[in-house]
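Colleague: Sequence:
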Amino acid sequence: MATVVAQSHFIFGLRAGVRNNLCFFDEQTVVFPSGNSCVCYNTIQRCQRFITGSEKSQGMKALAISANRRYLAVSECGEKATITVFDLQHEQGRKRKVLTAGDMPVEEFVCMAFSPDSKYLIGQTGGPEWMLIFWLWEKQKILATVKTSNSNNPVNQVSFNPYNNMQLCVSGTGVLRLFRYSEGALKQSSFPKVESINFLCHTWMTEERVIAGTNTGRLLVFESGDLRREINMASKAVQEQSDRQFEMKKIKDADTDDNPNMPRITAILSYSKGFACSLGSGTVCLFEKNEEDGYRRSREIQIPPDPHSNEVTPAECQEIDTICISPAEETLAISTDRGQLYSFNLSSVEISKEEQHFEFLLQSFHSKSITGLSVCIRKPLVATSSLDHSVRIWNYETKLLELYKEFQEEAYSVALHPTGLFILVGFSDKLRLMNLLIDDIRTFKEFTVRGCRECAFSHGGHMFAAVNGNVIHIYSVTSFENILNLKGHNGKVQGIEWSLDDSHLVSCGMDGAVYEWNTQTGKRESETVLKSCSYTDVSFSSDCKTILAVGTDLTLKEIQDCQVLREVPADEVAHTAVAVSHSGRVIFTGTSKGTIRAIKYPLPVQKEWIIYQAHCGPITKMAVTFDDQFLLTVSEDGSLLMSKVIDKEGRGLKSSRQIIHTEEILVTKSDLEEKNQNMLELKMRLEEMQMENEYQLRLKELNYNEKIKELSDKFTQQIDSLQSVKQAMKIEMEKQEREHQESSSEVTMKHSKELKDLELSYGQKLIVEHERYQDLKLKYQRMQEDYEKQLKDTEKSNVESLEELTQLHEAKLQEKTQLLAQCQEDTQQQICEFKEIIKQVEEDEERKIHDIQIKYEKKLHTEKETNTNLKGETGLMTQKFYNLQRQIDDRCTDIKQLKQERQRLLGLIRSLESDIEDLKRQISGHEKTNQDKDKTISSLKKKNQELEKLRFVLDFQLNELKKQTEPQQDDINEKKERIHQLEEELVQLDKNNTQLKLVVSDLRLKLKTRDKEMHKEMQKVKDLETHLQRLKSDLHSCVGFIQEPKKLKESVQMLYARYVSQGDVVEKSSVDEDIQREFCRQRDYLEKTVTSLKTRLAKSAAEHEKFYDKIMKENVSLITEINELRKELRLVRTQVKDYKAQLAKFKKPNKSRPDSEQEPLQGAQT
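If you count the sequence shown from 1, position 297 lands on 296 in numbering that gives the first Met the number 0, and the numbers rise without skipping.
Simulated from the structure, these hints should not be mistaken for lab results. Here the structure is a predicted model, which is why all the values come from computation and not from measurement. Among the hints, a few may not be true.
Stated by the list, open to error - Computed cross-link-like contacts, BS3-like style, restricted to lysine-lysine with a CA-CA straight-line distance of at most 27 Å:
1. Lys708 - Lys1007
2. Lys834 - Lys847
3. Lys962 - Lys974
4. Lys1144 - Lys927
5. Lys530 - Lys491
6. Lys776 - Lys764
7. Lys398 - Lys647
8. Lys1015 - Lys1005
9. Lys713 - Lys1093
10. Lys55 - Lys138
11. Lys919 - Lys1109
12. Lys1109 - Lys1144
13. Lys1019 - Lys682
14. Lys932 - Lys1126
15. Lys708 - Lys682
16. Lys932 - Lys1011
17. Lys948 - Lys962
18. Lys404 - Lys367
19. Lys1126 - Lys961
20. Lys815 - Lys795
21. Lys857 - Lys870
22. Lys752 - Lys776
23. Lys118 - Lys96
Unchecked claim - Label-pair distances were calculated between CB atoms; the ranges are:
24. Lys1021 - Gln407: 56 to 66 Å
25. Glu396 - Met1053: 57 to 67 Å
26. Gln407 - Asp542: 42 to 52 Å
27. Ser1099 - Thr1133: 45 to 55 Å
28. Gln27 - Ala1097: 27 to 37 Å
29. Ser188 - Glu328: 51 to 61 Å
30. His1103 - Lys55: 48 to 58 Å
31. Lys815 - Lys1126: 23 to 33 Å
Glycine is no exception: its CB is placed at the ideal position from the N, C-alpha and C atoms.
When you get a sec, could you build the whole thing from the sequences and use the hints?
Modeller: Here it is in structure tokens:
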């Protein structure tokens, strides 16, 4: 058998006392805390997603949503305060990180905020420390901490500058400080003197401007942390005081006098047009930016009065806790201190003089502890009663609040009749039986049962039980008589329940007694008393054979025949309520911590249950619907939670009962009659309106036909006139063509004459140029002959100089060869001398060795003698030897290790020697390549000289070409400027065309509306004419009875009755006028929206052009940087080449050094 699970499905209620307890996830989804969870509610699909809190949490303190709307931070207090960051884009709200204050003892985080890029998070701890902690939250790393206030001045809000990640603002009583994160610490950047001002909220407007609200209803503007001005809340203009000292005195004097009647500014929020703030209880004011860098009060939105409320403090007196706005700035939502959620649509606001009101975001919730819960069989309804003086009827299928009513007294208990048409409510003075009407809950019978904490209808609906202290009264529903009084409890009765056949009733009390009563005789059939336990709730099992009870002894007991069959102990948490599924598979219990436990039935021996996070306060009542689909729980936190009862495979429980829900509703006769009368009146009005509309339509058709005829006549006249104009234009065109042909023939004649003249002139010029060319050719031949003679002379002189140089160098060579021969002879003599010295040294060494050998033989003889003496001492030394042997072994191991290290080092030495040889080879290779490069450098230098000559020639040609192209370039620039001007004119024309089109469409719409109004007026005139004709005919018939006074009187009375009662006509006209006013108002609103959209379009176009210009400028700067870098690269390359050339020169004289160094090395190796 699969285990049964209760899955959270829908919750009605808001957890008050949580900072920033309402925020938008997207345009349709809001996030708010309810019970022990955060709820994501989709306002269009009307569904909820739950993000459950931690099990060890002792309460939620604050929420914060990131700027990209992805992450939600929840601060919870417990043994150690934590901040949990959830990923909202994950379906189940995946837990990302859990942040703590490290080693600091922190009980709670009062408020939090994400940075604009969602990377950082700040959290403000509670008193007495009041530390601000700055996290890089994804790495769970604390970057900085700072103390923001002392124990007497609590902090209310912290926030990041939306334009700067590193700047923060902290506000509270006598505190408004700006901090900046730099060099690993939070440093205070402003020191305003605001010790006497109690700041409740603040918001950032610009990069340096902060607006803060106080408890005396003042809005103070701070620039860079300094108080600059105050926004006047009384008028719609913004007053600015130039003298700052005078303003500060004024504010201090006002804030020190805490006037309780002054409106408190408890919440403030900035948006694109300005900011929204609460002004006293139940009012939100919208401020818009001024041209003078100020703010104008544009709109006021109020919480509407509750029509069902009878309270001394009405709904509009609620204090606003949180204000939030949707990402597209279309919806404004608020939460109040009495646990209510309201919204207001900013996009569809009509700017009128009427007051604008909020609407409920979800439903109206209970604001205090819920004391009673009841379900019925015939309808999907749930009834709840609360200490907020209200009784509410919910529909758990449609998730709507069907009915609610508030009373003068607190409602202690509630019970729904099985039919869902009646309800029992227990008050402090009386028990009232009420009818559930279509739109009201009305009392029709009162019973003298004081302080009824428990009441319940029987399953058949013919009886009900009500508790008065320690007595249970049973009444008949049909006769309202008190049938039985069940007495036996010594303490207050805490819970009662009827059996399925209504023959038995079970009760439990604070005296530790559980009694089963017979409802026919009024006798006790079974009893179990445990004085050490105070029972809180009791229930029958599904088959009514056993009783299940919970109490203060932390156990769930199953009782049968005056004995406790089984006990299921809890984990140091008391059970407060119990409910049994009708299928009998599972038992649900509620605890004092607000959790729900699902326990299998029959009860297990060991502790086996499933725990669910549900409420943040003790669960007061629980109930399972009769179809086993939903588990309903209520708590002291004022929330109603609906959980789906399913098995672990996700399927609903199959119930043996077939429950059909009915749709009947009780309505009183007077209400029905009123509604029928209203229906008849509306039908009459409809018929009259239809008649009027038909008549007006006919009139309009006639008018339009006449207009069409007039227009058609006008258009035919215009067509005729245009045709005549067209013919005249054709004649003019033909004339112009003839004139053009004549002028073109004249021009061609002129051009032909000019061409002939030019040919003659250019022919003469060519002859002159040809003669010049021949003269130049002769000069060139003479010059060539002269240069050939000079070349021959230079060749002869060069040959002579070469012969002289060769003779000089040959003489030098002979001298050098003679020197070489002498050096070779000297070296041979030195070698002979060295050989003789080596022979003498060897002979000396042999003699020394012979002398040393004789000495050592003598020493050996003496050693042998001493050895015989020492043999006696060896016995003593053996003991020392064994001791030393151990030391030797240790040393041997050390020696082996050292040898291994030596071998390893030798291997390293060999590898390094091989590397040295490789490097020497590389050096020799590099020297060869350097020589080759030197040769290439010399050849390149020659080429460079030739190229420089060419460059000089080309530069000269370039300058000449530039001189020729400069006038052409000026013409091109002028034409480009002209083209640019024409393009701008074209763009301006396009804009003008679009604006004109919009104006034409607006005028057409106005024409249509005026036509409709004209048609209506004409229809009215025709109606009046027909009315007059009928009156004339009736008067004519009356004149026939002028001789008979009685008939004349009757006919006049008939005429009066028929024609004089013109009230309806007046009403119709007034209705028509109202419709016209409404139409005009809507038209004006639409026109204003069109103009605003046009301005937005123009702004966006200007911004786009600015952005394009910025990109162009950046591209130009980048291109210049690239060109500079290229120049630098060329310079660096030339420098590298120079350095390489210097290196090559430096290495040439060092080539002989390694050869001279290698010879002594070889001598040393031998």
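Colleague: Run every hint past the structure and note whether it holds.
Modeller: Here's how the hints hold up against the structure:
{"no.": "1", "hint": "Lys708 - Lys1007", "verdict": "18 Å, holds"}
{"no.": "2", "hint": "Lys834 - Lys847", "verdict": "21 Å, holds"}
{"no.": "3", "hint": "Lys962 - Lys974", "verdict": "20 Å, holds"}
{"no.": "4", "hint": "Lys1144 - Lys927", "verdict": "12 Å, holds"}
{"no.": "5", "hint": "Lys530 - Lys491", "verdict": "13 Å, holds"}
{"no.": "6", "hint": "Lys776 - Lys764", "verdict": "19 Å, holds"}
{"no.": "7", "hint": "Lys398 - Lys647", "verdict": "24 Å, holds"}
{"no.": "8", "hint": "Lys1015 - Lys1005", "verdict": "15 Å, holds"}
{"no.": "9", "hint": "Lys713 - Lys1093", "verdict": "36 Å, violated"}
{"no.": "10", "hint": "Lys55 - Lys138", "verdict": "24 Å, holds"}
{"no.": "11", "hint": "Lys919 - Lys1109", "verdict": "59 Å, violated"}
{"no.": "12", "hint": "Lys1109 - Lys1144", "verdict": "53 Å, violated"}
{"no.": "13", "hint": "Lys1019 - Lys682", "verdict": "21 Å, holds"}
{"no.": "14", "hint": "Lys932 - Lys1126", "verdict": "25 Å, holds"}
{"no.": "15", "hint": "Lys708 - Lys682", "verdict": "39 Å, violated"}
{"no.": "16", "hint": "Lys932 - Lys1011", "verdict": "98 Å, violated"}
{"no.": "17", "hint": "Lys948 - Lys962", "verdict": "22 Å, holds"}
{"no.": "18", "hint": "Lys404 - Lys367", "verdict": "15 Å, holds"}
{"no.": "19", "hint": "Lys1126 - Lys961", "verdict": "24 Å, holds"}
{"no.": "20", "hint": "Lys815 - Lys795", "verdict": "32 Å, violated"}
{"no.": "21", "hint": "Lys857 - Lys870", "verdict": "21 Å, holds"}
{"no.": "22", "hint": "Lys752 - Lys776", "verdict": "37 Å, violated"}
{"no.": "23", "hint": "Lys118 - Lys96", "verdict": "13 Å, holds"}
{"no.": "24", "hint": "Lys1021 - Gln407: 56 to 66 Å", "verdict": "59 Å, holds"}
{"no.": "25", "hint": "Glu396 - Met1053: 57 to 67 Å", "verdict": "58 Å, holds"}
{"no.": "26", "hint": "Gln407 - Asp542: 42 to 52 Å", "verdict": "43 Å, holds"}
{"no.": "27", "hint": "Ser1099 - Thr1133: 45 to 55 Å", "verdict": "52 Å, holds"}
{"no.": "28", "hint": "Gln27 - Ala1097: 27 to 37 Å", "verdict": "31 Å, holds"}
{"no.": "29", "hint": "Ser188 - Glu328: 51 to 61 Å", "verdict": "30 Å, violated"}
{"no.": "30", "hint": "His1103 - Lys55: 48 to 58 Å", "verdict": "54 Å, holds"}
{"no.": "31", "hint": "Lys815 - Lys1126: 23 to 33 Å", "verdict": "52 Å, violated"}
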